[in-house]
Amino acid sequence: MAAQNFKHALFSAVVTLIISYPILGFNLVSEGISVQLEGADTFTLVGVFAAAVVVFLFQLFRDTIMGGLGKLPALNPMANRPPMPQRKRLKVESVLLTLMLIGALFWPFIASRGAVDLATLVLIYIMLALGLNVVVGLAGLLDLGYVAFYAVGAYSFALLSQYFGISFWFALPIGALLAALFGLVLGFPVLRLRGDYLAIVTLGFGEIIRILLNNMTNLTGGPNGIGGIPDPTLFGMEFGRRVKEEGNTSFHETFGIAYAGEHKVIFLYLIALVLAVITALVIRRLMRMPVGRAWEALREDEIAAKSLGLSRTAVKLSAFTIGAFFAGFAGTVFASKQGFISPESFVFLESAIILAIVVLGGMGSQMGVILAAIAVTILPELAREFSEYRMLIFGAAMVLMMVWRPQGLLPMRRIHIELKPQG
Amino acid sequence: MLEVKDLSMRFGGLLAVDQVSLDVKEHEIVAIIGPNGAGKTTVFNCMSGFYKPTGGKIVFEGQEIQGKPDYKISRLGLVRTFQHVRLFSKMTVVENLLVAQHRHLNTNLLSGILNTPNYREKERKSLDRAAYWLDRVGLTDMANREAGNLAYGQQRRLEIARCMVTEPKLLMLDEPAAGLNPAETKELNQLIISLKEDYNVSVVLIEHDMSLVMDISDRINVINQGRPLASGTPDEIRRNDDVIKAYLGEA
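Listed in order, the protein sequences are those of chains A and B. Under the working numbering, read the first sequence as residues 1 to 423, first letter to last. Under the working numbering, read the second sequence as residues 424 to 674, first letter to last.
Simulated from the structure, these hints should not be mistaken for laboratory data. Just to be clear, a hint being listed does not mean it is correct.
[Stated by the list, open to error] Okay, the calculated bits of chain B under chain A, using three or more residues with CB under 8 Å as the criterion:
| id | region |
| --- | --- |
| 1 | 516 to 522 |
| 2 | 532 to 539 |
| 3 | 632 to 638 |
Ideal placement from N, C-alpha and C gives every residue a C-beta, glycine not left out.
Make the full structure from the sequences, and use the hints.
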């Protein structure tokens, strides 16, 4: 056992060296027109070897270390408390949620402009993650191309406003419905697939949409993107300094207050907040309805679900469609917030981040997903100085989460159903 | 009500089921028995639409159903259980029963999201039906447990309850007594008889437990190596020389 551990540790250390030495240990230096290979400075080399030693030691004492890690949650004073009774917990939860919502309503009037802007982004990610949660968490369909529907929502608003001058409020339902339509259409070919195969095909769809947007230069402007997407209006009142469209009035003039750039940011934040709350409520309702239960049944056992008369086609397509619908919502808000979109905003990394939010939060759990969306969006902003290491930290956090809490931050809890006693 | 005529199922070079015929009348319990690998479950899979039979006819209430998709067959009232229990194990016991009633709850999305009175009424009815069947199979106390955490015997009963809330006309049970102890088998015995007597459901079952089969079946079909060997009442089967040789064993 010990000998095998030692062998394994040695092997891991050598692999670390083989991988990191060529990448970090050499530099390409250009001298005139020729490029020369140079060894890195001593500090880097020492670092590479130190890393190998750390890997060696970790692998050698892995069982001890991981055993120690496993005991850590015991340090949490709340860990061993018995769970609250059902009724009390529901009350506490609803009070907490109401307070959070009220706080979120008034918060933008105190916070700085940048913070409100970031919060809008958080809300957009919450919408996306809640939508993907339907597809991945509830229906168990691993979708790696979810960002495609986000792109459809954003681009339908951008194109509609550019070619037909349609405003935000009309584009919002159109964008969501178009995204839903895409979800439905893309759902058909993948009906028979599950697991890894489904993941690969959806990944392909995500890329197809992005590459199409990139190459249909006539329509979408290609990599140059589309700019000048209008801001939302409040009953025909615009938030700019000057009114752009005839027939509209401006917000600050109507209310007789001085123009401030913050008004627009706050308004967008409030729109995103309302939409995110609607998204959460609608999906929460769906989860308690036959549709939601059918999604979960299909995830649990497809054969049993079919033997009870559930149509696999209908259930899978409804999950794809509804998930895509909310991505379209989020996409429209995103386009309006940015004022400019290009295919670069809809790369695979976005899909991966949204999926990471769902997994981190706990598959199927709405509260968990919302918390994870906040964490995953805000933490990188706080750690701006380490921006080069963002993905590294992100990856490390994922690994640690999977070791400690593979079920996610707040795993899904079953809904308690009270039955009438039988007389 | 159900008639299977010359059913054949071929997997490549293997003829798993060869010209099997059987019929089930209303208010009747019919058993299919035979040695392991005789093709009993294959017959079931053809009847429930999991396989598309390569030959023969299956007529249910005057309608040919061979080759129809499984979910459509079960909507006609022909519902089955599985040899290995197939519950939705991460969902609670009540939820398992509610999933099965999606057809009775056939309302559109909007009325559900808005929680209209009409929707609530339907939801209440299906909850009542679930409560009734939980009580019937003695699982009321387990209502909000995850189905996967139940004891094996309870899971078996839940699976039958889950079929019954769909209000089937014909119930197909694939080895319902497998893994049950003698006391549980006896309870199951009574449950199946009561399904027939009190709820007017016909039952087709595959079973190895001879005491169960002989006690409750009205008629028995014996299959051996994919071919029909004999059919008749339990008494006739008990005396049939071929059956004794192939299956029951000579004493």
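What are the numbers of the hints the structure violates, in ascending order?
Going through the list in order, the structure violates hint 3 alone and respects the others.
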